[in-house]
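Participant: Using the sequences and the accompanying hints, generate a full structural model.
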Amino acid sequence: MTAPRDALISAIDLHKAFGPTPALDGASLEIAAGEVVAIMGPSGSGKSTLLHCIAGITTPDSGRIVYRGRELSGMSDATRSALRRGEFGFVFQFGQLVPELSCLENVALPLRLDGHKRREAERRAASWLDRLEVGDVAHKRPGEISGGQGQRVAVARALVTAPRVVFADEPTGALDSLNGERVMKLLTEAARDTGAAVVLVTHEARVAAYSDREVVVRDGRTREVELMNR
Amino acid sequence: MAIGETFLGLLESRPRHGYDLKRAYDERFGQGRALAYGQVYATLSRLLKSGLIEVHGIEPGGGPERKRYAITDAGVTDVQRWLTQPEKPDLYLQNTLYSKVVLALLTGRPAADILDTQRAEHLRLMRELTRRKSTGDFPDQLICDYALFHLEADLRWLELTAARLDQLAKEVSA
Amino acid sequence: MTGPESLGDTDEPGIGPKNLGGADELGRGLTAPGRVGVRRWFADLALGGRLALSGGRESWTRTTLTAVGVGLGVALLLLSAAVPNILASRTERISARDDLRLSQSEIKPGDRTLLVSDFDTTYHDRGIRGRVLRAEGPAAPRPPGVAKLPGSGELVVSPELGKLLAAPEGALLRERLGGTIVGTIGDQGLGGPLEYAFYLGSDTITAGDGGARRIDGFGSQYEREGFDPVLLILIVIIFVVLLLPVAVFIGAAVRFGGDRRDRRLAALRLVGADGAMTRRIAAGETLLGTLLGLGVGAVVFLAGRQLVELFTISDMTVFAADVQPTLGLALLIALTVPAAAVAVTLLALRRVVIEPLGVVRHAGATRRRLWWRLAPSALGLALLTPLIGGVSQTGPAANEYQVAGGVVLLLLGVAALLPWLVEAVVARLRGGAVPWQLATRRLQLSSGTSARVVSGIAVASAGAIALQMVFAGIGAGYTTSTGQDPNRADLQFSLRNPAGHAASEAIAARFRDTAGVRSVTSYTTVYATGTTTPAGPDVPPAAGTVLIAGCAALLELADLGRCADGDVFVRQPSGEPGEWPGPGEEVLFGDSEDPDARRWTVPATAPTVAVRPDPMGNMPAILATPGALPAGDLRAGRTEIYVGLDPARPDAIEYARNTAAGISTSMSIYQLTDRQESTRFTTIRRGLYLGAILTMLLIGASILVSTLEQLRDRKRLLAILVAFGARRSTLSWSVLFQTAVPVGLGLALAVGTGIGLGAVLMAMVNRPVRVDWGSIGLIGAVAAGVVVLVTALSLPALWRMMRPDGLRTE
Ligand SMILES: Nc1ncnc2c1ncn2[C@@H]1O[C@H](COP(=O)(O)OP(=O)(O)OP(=O)(O)O)[C@@H](O)[C@H]1O
Ligand SMILES: [Mg+2]
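Protein chains in written order, with the UniProt record's numbering: chain U, 1 to 230; chain R, 1 to 174; chain L, 1 to 810.
Incorrect hints may have been included.
The list that follows gives simulated cross-link-like pairs (lysine-lysine, DSS-like), each with its CA atoms no further than 30 Å apart [unchecked claim]:
| hint | chain 1 | residue 1 | chain 2 | residue 2 |
| --- | --- | --- | --- | --- |
| 1 | L | K163 | L | K148 |
| 2 | R | K88 | U | K185 |
| 3 | U | K185 | R | K133 |
| 4 | U | K117 | L | K163 |
| 5 | L | K108 | L | K148 |
| 6 | U | K140 | U | K185 |
Treat the hints as calculated values from the structure; they're not laboratory data.
Facilitator: Have a look at this one:
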């Protein structure tokens with residue numbers, strides 16, 4: 001697979017096994033700056049594992065991941081953490097907000113982890129909450145808001161650091177279709193505005209339809225659908 | 001329904017009599033409605049004329065049903081082309097897709113690729129609709145949603161089929 | 001009971017709805033119609049018990065934790081319940097072998113009499129009880145534990161002393177005691193298993209001037225000196241201080257794994273249990289854990305008491321057999337602990353509504369009210385204040401119940417106030433660095449658990465601070481300045497000496513020949529009472545010590561000017577009449593009631609001189625040279641030898657003691673110190689520190705368990721924070737703060753209460769209030785240590801949970 005010149009992340013021939021089960025068995029993937037890529041595939045095919053690998057959360061057993069010309073697998077845990085803090089954002093399916101912090105504090109958290117002052121962090125967080133139409137729940141705790149609102153808060157939190165890539169694993173998995181689409185719309189629009197790439201794991205076609213292109217994972221292998229696409 | 005392509009696919013594994021072909025077709029794809037003989041022979045003669053099949057041998061006794069047909073190289077290419085080309089997303093197209101998958105399994109071609117290709121095509125359309133939805137007015141949105149949900153249903157079926165290809169392969173080759 | 005068919009096969013844990021062992025079992029139980037009242041009640045309790053065992057790994061982990069926690073607490077309670085027995089048995093043994101016969105009508109020598117003289121000695125800091133025995137007839141009494149009286153030169157020794165004598169380390173002691181070992185003192189003749197004691201047979205000791213006592217039996221007829229009221233109060237307080245945290249700990253142990261239990265109960269509601277049923281089931285679960293805990297406690301106690309014989313607390317050891325809880329107290333424990341456990345469970349559930357779809361916590365909803373939390377402290381103060389100034393060391397026994405009640409209430413007040421305080425303070429904490437924010441927000445959401453657990457530490461600290469203050473304060477009464485001057489001599493040896501100063505000099509010479517002795521000074525002293533009738537009815541007769549020594553030795557005690565043998569000097573009178581006999585006065589030597597007492601007249605020409613105290617701190621009234629009075633007059637005299645030792649020879653003191661034993665077994669030996677603390681205090685103090693540290697460790701253990709539980713429940717969240725790039729250190733700090741904030745607040749409250757309680761107690765015994773910052777610092781340091789320890793122990797778990805597999809949905 002030849003990388004497009006503007007590849008932000010390229011993952012080449014990743015392998016990863018948990019005990020005897022291979023979760024990834026030769027997965028390759030490229031993500032260009034600013035594009036929205038959907039990772040699809042049946043349950044257990046290794047989508048989440050792939051996402052965790054390219055986001056530097058887990059390290060693959062073999063294969064290379066290059067982010068902006070730097071080899072991810074060669075980095076120390078601390079460097080990868082710093083990278084995740086500064087350049088990546090994350091949205092998960094549920095249960096990702098810290099229950100004892102208010103929504104505003106939750107959104108400000110990545111900035112504060114990255115060393116920003118509280119006041120500044122919360123100012124930026126507030127504007128993102130407004131942008132995702134959940135400014136009114138800023139001072140409530142996650143336990144006191146609905147699932148859809150919670151996902152929007154999570155999206156705000158993923159975008160607040162102005163990341164280059166947002167990783168989203170089933171971000172609408174726990175929402176009804178209307179709320180799911182609303183979240184997807186807000187996420188992709190905001191990402192496009194800020195120029196962030198989005199890596200979106202989903203098995204819902206309507207959610208995947210918000211992407212620019214999809215990658216199918218089956219039995220731990222990516223299928224080169226994009227070549228057929230062209 | 002692409003009866004011609006289906007016949008070609010069925011002939012790819014071995015030459016058959018016209019009657020054989022009809023029976024195989026009815027069994028696998030007929031879904032209770034048997035092909036008329038007239039349709040069978042019309043299709044066969046069209047295929048003969050295009051050079052996609054040839055008469056492999058005639059058994060004594062005469063009559064059209066005594067002829068055995070075999071696929072030509074041109075016919076194989078045609079099947080291949082047909083299988084790898086995604087169908088235009090449309091309502092009720094699963095019959096065609098189903099035939100394609102079964103034929104791919106029968107002829108030892110990668111059936112999963114067919115599904116993935118089709119999914120890509122579906123998603124392409126769904127993206128378009130999604131884009132239209134976000135720019136269009138409200139009635140437009142509703143119309144787009146209608147189409148999106150139907151396409152999604154197709155895709156669900158594709159997904160399900162893909163997940164059960166192994167089982168299908170077993171049944172088909174049985 | 002619901003019947004065997006519905007409570008039957010539960011051997012397959014963890015199927016069906018998540019973590020819901022036995023839910024379908026319950027479902028079947030529920031269908032039984034018309035079962036109401038007590039039977040229904042027991043069925044629910046029994047179901048709870050079964051769930052505790054068969055509800056899968058989750059619930060038996062919880063049951064085990066509870067059982068072990070309660071077990072530890074119960075073992076401690078049983079140990080405390082055994083203290084009365086320990087003290088009683090010890091007192092009994094000691095008074096059974098008592099051989100003092102004070103102020104009794106004289107016993108005539110006969111078949112059944114025995115002569116006893118003391119030969120207590122010290123060897124390498126071990127106190128050794130020694131008696132020299134001489135039977136005066138065939139029916140002479142035997143001390144308890146001694147099968148046959150030792151003959152002359154024979155020894156009967158305690159097992160521990162036997163071991164010491166057999167070891168190379170005991171060489172010098174063997175030399176001192178002499179004799180051959182012919183027997184062992186049995187347990188009934190010993191104060192404790194590790195006691196050093198011996199009986200030495202003799203055929204030379206004599207009664208009267210020989211110094212031995214004649215007795216016709218062992219065993220005390222007198223009340224032994226009990227603890228004085230002040231000490232008694234202290235001991236009561238110590239028990240309160242140490243047992244309250246144990247109660248808190250048991251309370252915490254009962255709640256181990258409570259959150260998960262609640263979720264399980266919610267699943268039960270889903271299949272149709274009502275609110276009251278879930279409470280009964282929870283009670284059943286707790287009850288089973290607690291009953292198991294009682295068993296564990298009994299086993300731990302029985303195993304632990306075997307270890308008791310290995311420990312010595314200031315020369316006191318305890319027989320394992322004596323460590324036996326009083327039956328009443330043991331029953332009390334067996335009944336109260338389960339009842340309290342159930343009560344705690346039900347109280348805890350009061351704040352929680354278990355709905356079929358989950359657990360709703362009333363944390364923020366009901367605000368903690370201050371007034372009833374202040375009530376125990378106020379009541380406690382009200383009980384204690386009337387006692388201010390009313391208790392003294394010699395006075396009548398204080399009302400211990402009132403004191404103990406007041407102290408308990410004040411300390412309970414700490415436990416009651418702390419949750420409110422933590423909530424109130426934490427609610428006001430804003431901002432701060434990320435770990436601080438995470439910790440304080442977490443506490444804001446549920447501060448109750450940590451506050452409750454920490455209240456154990458707070459109570460222990462408050463009590464310990466108050467007690468240390470009291471010790472430091474009362475210590476002034478018990479830690480006496482002796483007036484002795486260890487710079488002038490290390491040891492004083494004294495012995496009855498009816499033979500005059502020449503005999504004293506002979507003894508001194510033997511000490512001079514002893515290895516390691518640097519200086520020897522010898523005096524002969526005799527007590528003299530003036531014969532002149534006192535000036536008034538309230539004036540005592542003039543009296544004082546006459547000290548006889550050579551001129552060189554006398555010069556150490558006074559500026560004599562000139563001195564020659566035959567001279568006498570009188571201490572300068574202080575001005576008050578009749579303090580001690582002056583020049584020209586006639587005196588009696590020794591016991592003034594004795595008809596044979598010798599008379600002597602102080603020479604009228606004796607000059608008066610300024611006298612300095614001797615190394616023991618005593619001031620002789622008259623200094624005399626040996627030639628000034630006939631040796632025969634000194635029948636009532638004593639030899640006093642002051643010996644300075646070579647500090648470079650560590651065994652010098654043992655050589656000197658051996659010399660003394662070689663001169664006479666009844667020579668008394670005194671080691672000079674400038675300060676002396678009541679040994680009862682050192683014991684109590686050490687016990688208190690040890691107890692406080694153990695308590696804090698115990699509480700630390702329960703904090704650790706709840707921290708680990710919390711971390712386990714937050715596995716997914718931790719993984720997500722890691723995905724966001726949170727550093728290990730950030731989360732580690734937040735765990736630290738989460739423990740440190742409640743402990744810090746608890747400690748602050750404890751310091752306040754402790755100082756207050758200490759001040760009240762001091763005022764009660766009329767002592768000036770002084771804050772003992774040293775011990776406050778020490779207790780703070782121990783608490784800080786516990787926080788650090790708990791954090792350190794939970795870090796591996798934290799780091800293990802900060803791995804990405806936590807992201808997988810469970
Ligand atoms: N931490 C782990 N330990 C053991 N096995 C794992 C672990 N993580 C993933 N697996 C296994 O690896 C395979 C791929 O898992 P993964 O979570 O990537 O699938 P997925 O495509 O995200 O599925 P889903 O759509 O259900 O989320 C599965 O078989 C899974 O059981
Ligand atoms: Mg997944």
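Participant: Each hint: holds or not?
Facilitator: Here is how each hint holds up against the structure:
Our distance criterion of 30 Å between C-alpha atoms is met by K163 (chain L) and K148 (chain L), whose separation comes to about 20 Å. Using a Cα cut-off of 30 Å, the hinted pair K88 (chain R) and K185 (chain U) holds, with the two alpha carbons roughly 27 Å apart. In summary, the hint linking K185 (chain U) to K133 (chain R) is supported, as the alpha carbons are separated by about 11 Å, within the 30 Å threshold. About 71 Å separates the Cα atoms of K117 (chain U) and K163 (chain L), which puts this hinted pair outside 30 Å; it is violated.
The straight-line distance between the Cα atoms of K108 (chain L) and K148 (chain L) is roughly 23 Å, inside the 30 Å bound, and the hint therefore holds. With a CA separation close to 24 Å, the supplied pair K140 (chain U) and K185 (chain U) stays within the 30 Å bound.
When held up to the earlier numbered hints, the structure conflicts with hint 4 and nothing else.
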